[in-house]
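Given these sequences and hints, build the entire structure.
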Amino acid sequence: MTRLSRFVTILPLLLTPTVASTLAATIASSPAASQERGRGGPGGGEEAPGPGGLSVGGSIMFHPPRAGDAPAPEDRQKPPPPDFLSTRPRDYVPKQDDQLSIPLPYAPSRSGTREAQPVLPETILEARLVQGGKPVPQGLVWRVFGSQRDKDGELPLVTTAHGGTTSVQLAPGTYFVNAALGRASATKKITVGREAHSESIVLDAGGLRLNAVVGDDKVLAKDKVDFEISQNDDSGQHVVVLPHATAGQILGLAAGTYHVVCHYGNLNAVVRADIEVKAGKLTEATMRQVGADVTLKLVAADGGEALANTSWTVLTPDGDTLSENVGAFPHIVLAEGTYTVVARHKDQVYTRNFDVKAGGDHDVEVHLSDVAPAQGEGLPVGVPHPLAPSADTPMPGAQAAAPNGENPVSPGAESDGDSPDEADTGISTE
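Mind the numbering: the sequence shown is residues -24 to -1, 1 to 406 in mature numbering (1 follows the signal peptide of the UniProt record, and there is no 0), read in order.
A few of these clues could be false.
[Stated by the list, open to error] Pairs of lysine-lysine residues, derived as PhoX-like cross-links and limited to a Cα-Cα distance of at most 20 Å, are as follows:
| # | residue 1 | residue 2 |
| --- | --- | --- |
| 1 | Lys273 | Lys194 |
| 2 | Lys333 | Lys200 |
| 3 | Lys333 | Lys110 |
| 4 | Lys273 | Lys333 |
| 5 | Lys164 | Lys110 |
| 6 | Lys194 | Lys333 |
| 7 | Lys254 | Lys110 |
None of these hints come from the bench; they were simulated from the model.
Written out as structure tokens, the structure is:
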């Protein structure tokens, strides 16, 4: 039994398929198989095994396996290649994406050998508000231009930088360097050699911070006021430097005198002042406004609910239309003074006069009992009757009210201080 099992484990490596099938029949007729069928075999007799091995039909003899029958190491079968179990056909060509995972023996350079780039000299740029002052730490905009004009006659922009002191790398040559801080700027012509060096630009500039108060020093919110800054140029022309400046913002300006117009609301609450900006210093200016917030209401009685679908017209003491609105309670800002308000509701006209004091925010209530008087009665001198407007006074609704934030006063308009719509006031500066 032991000899047979050893033989079976080795024999398939030595026999051809024909002999192997014969061997299978021999195993079926071996004593071990006979014992499975019962002793004596089909005929009931016991067959003795052939001497020294197995016999097939009594003619082919096999001797027991010996150590020398094992194949030499070099003759043994080698393990199958990696693709032995692959399901891909032999003529399979991988797609372009599959080739990414195929290792290459080397990665050839597409651009060939690169030449070492020359290192450009370093140029350090710094700006100062005044000669001998400290460098500006932040807020600068640097622009470097070449010295040769292009076909359009412009100097080419070479590079830009933001912040304070900065470093740029420039090829040897001549350049124009511009440093800007807010509305202040200066330009300097420099020459760059082959060695690192630094350049300093003097802006001759200062800072300006604007605020506005009203009444008992009540600081106005940023969204309530707007500042327009202008200046006369070398030829005497009035130039707007900054049309809309925000309260509390520090503005960089070249040293000089500026004309500042402060608008409270978008109607006639306007004050003006001339402010000097000194180089290297921060000038803080607080402008005192002369207006007030006014809310218009048409009510049946004091403190009553405002009636909707009401058209409003506000007239100046001279009879000029200052504001027109539609709604239950329009909100406007007016300068100090006396005004006439006209309300129209359901084909009925109501009117009354009211006064405005600086900082005195309040509601103006028009009662249903304030019916407009007959033509020529009960109105200020020069004020046309609301039921009979002249050609110079548009009907309510013919001209829309100016949106918030728009300035009805022309930029740069001069004032002698006598106009009831404007007032020049004192200004505190540091």
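The hints, checked one at a time:
1. For a cut-off of 20 Å, the pair hint linking lysine 273 to lysine 194 is broken: about 25 Å separates their Cα positions.
2. Taking the CA atoms of lysine 333 and lysine 200, the gap is about 17 Å. The hint holds against a cut of 20 Å.
3. Distance check on the hinted pair: lysine 333 and lysine 110 sit about 47 Å apart at the alpha-carbon level, beyond 20 Å; violated.
4. Simply put, lysine 273 and lysine 333 have alpha-carbon atoms about 18 Å apart, close enough for the 20 Å limit, and the pair holds.
5. Proximity of lysine 164 to lysine 110 is assessed by CA-CA distance (about 18 Å); at most 20 Å being required, the pair is judged to hold.
6. Note on lysine 194 and lysine 333: the hinted pairing holds, with a Cα-Cα distance of about 14 Å set against a maximum of 20 Å.
7. Restraint check: the Cα-Cα separation between lysine 254 and lysine 110 comes to about 16 Å, which is no more than 20 Å; the hinted pair holds.
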